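Chains as they are written, first to last, in our numbering: chain A, 2 to 295; chain B, 2 to 295; chain C, 42 to 344; chain D, 42 to 344.
Because the hints were derived from the structure by calculation, they are not lab data. One should not assume that every hint holds.
[To be verified] Not everything, but these chain D residues come out facing chain B in the computed CB check (under 7 Å):
| no. | residue |
| --- | --- |
| 1 | K44 |
| 2 | Q47 |
| 3 | T50 |
| 4 | I51 |
| 5 | A160 |
| 6 | G162 |
| 7 | A235 |
| 8 | E236 |
| 9 | C238 |
| 10 | V256 |
| 11 | P259 |
| 12 | E260 |
| 13 | W261 |
| 14 | H265 |
| 15 | L302 |
| 16 | N306 |
From a predicted model like this one, the values you see are computed outputs, not experimental measurements. Virtual Cβ for every residue (Gly too), placed ideally from N, Cα, C.
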Amino acid sequence: MAIATDKPSGVAHIEGLDEATTALMVCVVARELRDGQVVAFGLHADAMLSAAMLAQQLHAPNLRIRHGLRAERGMVFGAAAWTDRRDDDSWRRVEYLEAHDAILRAANPASPMRFCDVFFVGGMQIDREGSTNLIGLKGADGRLAVRGPGSIGTTSIGTFAADVILFSPEHSPRRFVETVDFVSVPGWKRRAAVGLEGGPRLCVTSKAVMDFEDGRMRLRSVHAGSTIDEVVAATGFPLLLANDIPTTPVPSDAERQALAALAGSDSTAGDPAVTDPTRGDSTATDPTSGDFGA
Amino acid sequence: MAIATDKPSGVAHIEGLDEATTALMVCVVARELRDGQVVAFGLHADAMLSAAMLAQQLHAPNLRIRHGLRAERGMVFGAAAWTDRRDDDSWRRVEYLEAHDAILRAANPASPMRFCDVFFVGGMQIDREGSTNLIGLKGADGRLAVRGPGSIGTTSIGTFAADVILFSPEHSPRRFVETVDFVSVPGWKRRAAVGLEGGPRLCVTSKAVMDFEDGRMRLRSVHAGSTIDEVVAATGFPLLLANDIPTTPVPSDAERQALAALAGSDSTAGDPAVTDPTRGDSTATDPTSGDFGA
Amino acid sequence: MTKARQDRTIDIAAAVEQVADGMTVGLSGFSYQNPPMAIVRQIIRRGLRDLTLVSGPTAGIETDLLIGAGCVRRVVAAGVALERIAGIAPAFRYHAERGDVEVWECDECIWYVALKAGAWGVPYLLWRGGVGTSLPELNTELEEVEENGGRYLRVPAIRPDIVFLHAAEADPFGNVRACRQAYLGRSFAERALAEACNGAVICTVESIVANERVVAEPEWTLLHGALVAQAPWGAHPGGVSGRYVPDLEHIRAYARAATELRTGNDGPYRRYLEAFIHEATDHDGYLRAVGDHELRSLRIEAA
Amino acid sequence: MTKARQDRTIDIAAAVEQVADGMTVGLSGFSYQNPPMAIVRQIIRRGLRDLTLVSGPTAGIETDLLIGAGCVRRVVAAGVALERIAGIAPAFRYHAERGDVEVWECDECIWYVALKAGAWGVPYLLWRGGVGTSLPELNTELEEVEENGGRYLRVPAIRPDIVFLHAAEADPFGNVRACRQAYLGRSFAERALAEACNGAVICTVESIVANERVVAEPEWTLLHGALVAQAPWGAHPGGVSGRYVPDLEHIRAYARAATELRTGNDGPYRRYLEAFIHEATDHDGYLRAVGDHELRSLRIEAA
């Protein structure tokens, strides 16, 4: 899945992806973030952090970031600011600190202190209307047969966020299914049924960028190195096709320079022996196989 | 209402009371506080603070104090630690600080972090079952005619506290009424009707000490300088009489020494021109007259 | 950086332009501490009407003055008082007794619970404090209900349309700080109001500090995302912890004037409004009317 | 002072004596950070059964180990994972799939809302997060209801019978502090657990500090009223912010053993329990089994 481009430095590492693909995904996300928004994501979402910081540098100086791992012009919301063997001191570089239960503030997106506008969600499964599943997979009897990690913070924050961005390095029929077995965060139709506003706006994978039309996922652009046919085949439901499906623009000079500048700040080296399928930056291959979870 | 005893120094000033009477009331309250309890009171309850600190010194070293004004081995619960022309720095001498909405913790008296066990309440009116009223007085038409200040923190904290201690320097038929016009904190019968545990245990005035028997106020002791008849006449409902009604014991040597030692700590001089009928340490004479509220 | 970060400073007049008649307005202040008085006076100058104030949780002169000036239809506060100067705030008392002003009868906890419901986006929360009292009788929005065999109040959500705060300092980007030297003002009800707010949170401050200072001490940031208006002495005659103490002489004079209302003499109160609000056409004018000498005497020296 | 202030220190064995089969036990820990592992191992040594764990909000090895050791009937957590080492905690996965352990399916916010209901003494609170998801289907205690035309979950109160925490330090009187050098561990879920707790809050700490230090810096006190047990390295193989980082090698070895459970081979897991819990008959024994060299390599140097 490598794409042919110069290797930009300073981008977060995503397990199993080469740096160029990661950089492209980071740029795609960064371009979607608008100035003044508050973006939030989970513990290990290094790529999302890179994207948010890139957007802050390039076009969104008023972006506020809520990230457990490191935060820039944002906050450490309680717990999570450490990683692996390094004790993180990012809380010394943020503008405010809040207790972890500040996540309850997600319930009021109208407040200037709102938890977020944009929230990133991954999943063991993602379906055509953008519902996600971190709960588990059904067996033949329709009951939960494969235990997932649990919904973590995704359910409520995903419920209240105006814009949900789905982030899935893996792009496979097993990940992209017609209907998720269990729902952690509801997609468009499920949201309409219970009167929720907002919903999934974008889905970024290592192969392509999708958006939504009338609540159904639609292919918007394909990364260099993949083809439309390949993406369609790798998706477990009929993907709507935009009228024009360009190649995803590669990182511009400005983006690459900004990414390189970010390399000067602390970057996180993933633990090469392991994967994390529960966050948006995961590349876990098979949630039913033994090759993750240990 | 002055009582004949040596004047102890270092006791909080209560408007309209001589120091000896104040000291006696402080000692009465201190004797009631048990080791390990958490006691809470409002902004201007200097006498309660003196009592709690005295108890801490003499027999209750594990007493925890929640006080807006100053706190010792306790907390400043948010707002209140200033007084008049002095900017109070008591937050530098406490063990923990909490935001003002820690008062919501009153709802769980079982937690080791509980807000309080003992809570002090005053009122424009206090009735025979120990209900209090800070809301207002009824006119002839049964509607609110005299506006009180409002219930402040008394209602909820008084609802959850195991022991409510009523504190009223003024002892008059107008303050002690058969039935309060409006209820800020419910007394015994009202609590039983809605299933509340705990309730008013003691009532301390400048004339006497009352407790409760079967949910009705009972005279327990009379301060030197007053008589049983005088106290009964000053109470606007039939006061139960204990079998033996002694003179309230005057401050012991140990109590007087401890009070004198407390004088070394910051003491608050009340503003002599004014009174505060809304807190337990008030001596406001007539809630319907013009001599308070301005 | 190709674009500059947005400056979130605003002036007092522009801040108050965001208020309209009938709005629900949250106000900081715990008794004498941190009331947004510069804003209050500008609201009075604009002649706004029918406001619902969410004050407090224990309100003081900011609420009394707005009531006395005729701006208020309803007050959500657990108490309105001027500490030892007036155990019942006099304009509040006068207008509540006349029925000009409706009181959303509550206590401090219920005040918080209503704002938590607002912040959490739910129609109500249950609360046990207040059962067996007169609160549900006087405040028809507090319904006493039975749940699982126990009695509770259903406390409806309150969501201010706009919130005004006063604090020691803020940076130009909306990070509001308490005074480093003082605990006070660090954990009042400001967060509860801001979290429940449906609209702008506007904070007047004694001084604007550099963002670098905020980043160096993030634990002192009270709240973020605010609009910031510089207003030195903006809490006067209230106090700001670590900066200046309340002006008791001024408050006492105010209280004397307000107490006259009940005797049918509104002259002193009208003269107070004239001298300190209408003739002093803005905050600087107010400070001149109070006098430099008086203000300086209130200042707290750094420890 | 005629009486001495009560020392609230306790030892690990006495702390765990307070737990009984079937209890609801709150545990600190956010992923690798601050799990009360010395307590967890003692619970396993005692062979306690049928516990309901209120872990997290995002649980890690403390929960996985208790499940693997057979102590747990139900888990209240928004997620159970070993970060990058195991995206789904392996013993949790194995026993949940077998049906040995019931999962009170929730997310982080619902976890907090349930504890807030517990702390506030109400039977339930309403919450909007989770409508339209599978949570009410999988967790029958979460009822989806209609209120004022909107859909909400009724989240029932959770009240732990006892809560175990691990923190950097405490004084002998129950004031628990975060490490001054680190933000982390300062604002986890500890307060939410302690506020909802029906019984004792017991905190193991790296070190016991003088009360004078607590009073000098009251803003660093996380909670008060706790019982305090000294347990240096008490979070190992988790980390304590400002003190030591998680022991990833140890966690990885543990995860390999736990992953074998699903293949039907429980030998490695039993050997792990033997070596680190049963043969190491107390916390000191555990630290000897881990090895001084390994522990020292994890220490964070003061900045």
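Consistency of the hints with the structure:
no.	hint	verdict
1	K44	5 Å, holds
2	Q47	5 Å, holds
3	T50	14 Å, violated
4	I51	13 Å, violated
5	A160	5 Å, holds
6	G162	4 Å, holds
7	A235	5 Å, holds
8	E236	6 Å, holds
9	C238	5 Å, holds
10	V256	6 Å, holds
11	P259	5 Å, holds
12	E260	6 Å, holds
13	W261	9 Å, violated
14	H265	5 Å, holds
15	L302	37 Å, violated
16	N306	44 Å, violated
Going down the numbered hints, you'll see the structure goes against 3, 4, 13, 15 and 16, while the others check out.
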